[in-house]
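Hey, can you piece these two chains together into the complex? The hints should help.
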Amino acid sequence: MIKVVDLKKNYGRFEALKSISFEVREGSVFGFIGRNGAGKTTTMNILTGLIGFDSGKIFIRGMDFKEHRQELINHIGYLPEIPAFYDYMNAYEYLDLIGNLSGYDKNKKGKRIDELLDIVKLKKNARRRIGGYSKGMKQRMGLAAAIMDRPEILFLDEPSSALDPEGRLEMLELIGGLKDERITIFLSTHILNDAERVCDTICILDEGRILLTESLSELYKKHIQLILDIEFEADPENEADSLKMLHWVKDVKIRGKRASVEVNNIDIAKKEIFKELSKSDNSIIGYQIRKMNLEDIFIGMVNKNADI
Amino acid sequence: MRTFNAYFKKEILEAIRTNKYLILFVGTIFWALLDPLLLKLLPILLKSSLPVDMSSLLLDFTRDSAFQNFMGDFFEIGTLFFAFTLMGLLANEITFKKLVLPYTSGAGSAGMVLAKYFHYGVTLSIFIILSFLTNYFYVDKLFAGGILSIGIVIKSALLYMLYYCVLLAILLFLSSLFKRSLIAGIMIIIFGYTMSVFNQLPGIRPYLPNYLLYKAADIRNVFNNSLIPTTIISLGLIIIFIFLTIRRMKKIDIA
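First to last, the sequence lines map onto chains R and B. So that you can map any letter, position 307 of the first sequence is 306 in numbering that gives the first Met the number 0, and since no number is skipped, the others follow by simple counting. So that you can map any letter, position 2 of the second sequence is 1 in numbering that gives the first Met the number 0, and since no number is skipped, the others follow by simple counting.
Okay, chain B solo, but in the shape it has when bound (with noise of 0.2 Å):
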């Protein structure tokens, strides 16, 4: 418990003095303000240059698809600044040997692997659920129609989550496999988007963790049944990856 109270206290430092928080609140909050903004300026900014028929189209956005929209842009950019600010977390640690005092002090690598997680865990929820409602307030007042409510967003937030928290394990777990973290950060961006295509294929996706991106943008109907094989599927990968990640830092030569 030491340990994780220890790299808790530490992590937090980190993401202040190494502006992490500022780069995912970019990638996160930023953008739920800037995605509805955008939506509704650029019909205005193409009318112009676009034939008729197609402006119409841009002008058609509800409070229901501004907030889809939104939703799909954060997955691809969210994703990104995700992985490139996170995939460090311990190649960087492992490939500059930092962890060598901690280490002769006594500091445990469950600990420090939990810390990490709980950390980034909480920190991402934060901002997706912030992000959320950011988006919400501004889609209700630029645009209108639609069924979307406070309570929707909410439980679209909640599956987004959890599905940045299973990425979380899995880029965790990259990061104590390779030394140089751009490859974990390149691999997660990979796993994210292709397990996407799997959404295609309504056979498959319910057992897998994209899966809660696509019922995030059901709006009609978030939560169902379908969503129990996913919820136990994601937890699991969870576990299974911080017991990968912890089982590879205690076998891993630190110096």
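Extracted from the complex, chain R is given alone in its bound form (with noise of 0.2 Å):
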């Protein structure tokens, strides 16, 4: 559905862009995962046609987006990270502007403004003006004026990532409910608990370059291992030098009294490391034995990257 291919962008002498490439299939989700200043936000803005490029190719449904621009923006839905309205507009009147530049038929109009006003929860908020919902509300407004001529892609740039527990507990279960409708939506992100959740695709940038791009399946499959989260009651950094010597760790990452032991080998880690331990000083107040989650990948990939 969207090709890249050797994508770069300046700004100035700032190189935001360092000739990325992915691809992004028909009907899935795409986690475009990074931390801020990745350039997430950049490749959005570039894929929905907002801002150019310096070079590289673009290819939306097999067609040149340089060449097909205009054309391409009828199939795309876009919620920017802060969606910025007519204040002075309620949500009816803002829908109705953007279903008008949508060419929506009048007869059909009304009744998808409802339909989506219905989606996003704002229904009793229709008539207010938009100056004065708050940030929840907003970014569900958003999502109802990217979807409203029905995209076949959606763009999200942090949907998530300005709202509360409850509002982006909403926002997961719009996206999920997208998900069903085949759309293909590309998601950007730092909240990775919120790309574990919703994605099939998952893309690491960092400064600028893709460091990975996989299926979630196929990431857990090739980075499947188990890490062992010790709790102690002192900070564990002498317990973590120790550790770290030991033929079967592969790396301890500490998090104030926590630590995070990656293995290589399971059978002999559950069966030595207590013994390892009891040496120490510092007492155990907790263990758990559990599988390395995305927010592991990601470290260790960005870090990974540093270090080149």
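It is worth saying that the hints were derived from the structure and are not from the lab. Hints may be right or wrong, so weigh each one.
[What the hints assert, rightly or not] Facing chain B, according to a computed beta carbon distance under 8 Å, are these residues of chain R, among others:
(1) LEU49
(2) SER54
(3) ILE57
(4) PHE58
(5) MET62
(6) ASN73
(7) GLY76
(8) MET88
(9) GLU92
(10) ALA144
[Stated by the list, open to error] Sample of chain B residues lacking proximity to chain R, with all beta carbon distances greater than 12 Å (derived):
(11) MET0
(12) LEU12
(13) PHE95
(14) GLY105
(15) LYS178
(16) ILE185
(17) MET186
(18) SER195
(19) ILE251
Quick reminder that beta carbons are idealized off the backbone N, C-alpha and C, glycines included.
This is the structure in structure tokens:
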């Protein structure tokens, strides 16, 4: 559905995108993850035709984006991170404007607006000025505007990052609903839990470079590793150093009083770890074996990139 | 065409909700009403504090000079209202990223720019003609003498309409250039006022849009052949600046 080849974008001397390439399958949810400033929004703005790019090729539905921009825009919906509206309008008026711009049939427009307001739960506030909406309401309003014309591809830029837990959950439910409608979703986020919940494919972007593009299931298969999370009474700096010396330990990450131990062989680890830690005075107050999650993979990848 | 229609409707709603019509009304029609009244009352108010020879000068207004006085004031004050009300037409949309959702919904730059231009071009033209007719009504009631007729007033108003349509095209372009709308506003005011200086130079003035104002005030001979180059140049400027604005809007980064 989307094919990006060697895409480059510079802001003056700063290279925002350093020749990135990836493909997005039709009907999939493509998770574009990265830290703030990694180049996610720049990529999205390019793919939605809002900003230009320096070199590379973009194909959407098999067509060259540069040559067929206006035609392809009609198949795209975009929810920016902070959607801006005409605040003096109410939800109904704004969707009416978007409907008119999309060339919506006059008779069907009203019905579609009602349907959308229902989906994004704004029906009660449809006649209130958008300027008075909360962040979550604005985000849902933006989503309604983005899907007004039933796009084939939907770009969502950090749709839940500014929302409270309840708003986040609502947004994820809405995205899940869109996924069921077979809309191709390009989701940019730095909230890895969200990506893990709704995405089929994960693409990790860091400092303008793609570090990995993989289906979530493949990613887990490749990186399936067990991690021992051990919580200590005091900071485990010394314990981590001694664990790192062992041949069956791959890496140890410390977060406060917790050490996450990545191991090469879980059977040896289970037997040996307590023997090793019993040499220390630092008491263990908690212990858990878990699978590596997207956050672990992401941090591993990004740290590796920083070392290069 | 669908962008033009959608944005024309949007501009009307915006002008109502953000009081732009009201502000332009105060800057044009309200002033047309106030100007002759002030002119009539001023000599009475100042009579005691002015020397006899000066006060006789203030009392000597005819219908013609009262109308000419209004046009001068309209240009000075109307331009301020015009500039500060409309300076954000594109700058605010770009700066506050309000075009992101419309653009990704299929809005085109040409339709949007033309809708904004035609909406405010028509609005200004209506306000100018109403303002001039309002002024004529009061001038005719409060002053005597002169050759002023409704035909002359309409001719002068037409020249003012064309002038403000030129300014609007330039302002729209400036508004697309600067993220801070105030810069566009100040630049158009400076442009308008400094161009008037060239009306003192007979050789150059027919080739500049401010000659339209000069001829509007020449109520004994408003329309003559000297306006042909001015009209052609003014229309040319409108086309050029609208074209430049559309080109600029197609090239700039919206997000």
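Hint-by-hint comparison with the structure:
no.	hint	verdict
1	LEU49	holds (4 Å)
2	SER54	violated (17 Å)
3	ILE57	violated (15 Å)
4	PHE58	violated (18 Å)
5	MET62	violated (16 Å)
6	ASN73	holds (6 Å)
7	GLY76	holds (7 Å)
8	MET88	holds (7 Å)
9	GLU92	holds (7 Å)
10	ALA144	holds (5 Å)
11	MET0	violated (10 Å)
12	LEU12	violated (7 Å)
13	PHE95	violated (5 Å)
14	GLY105	violated (5 Å)
15	LYS178	holds (14 Å)
16	ILE185	holds (25 Å)
17	MET186	holds (25 Å)
18	SER195	holds (36 Å)
19	ILE251	violated (9 Å)
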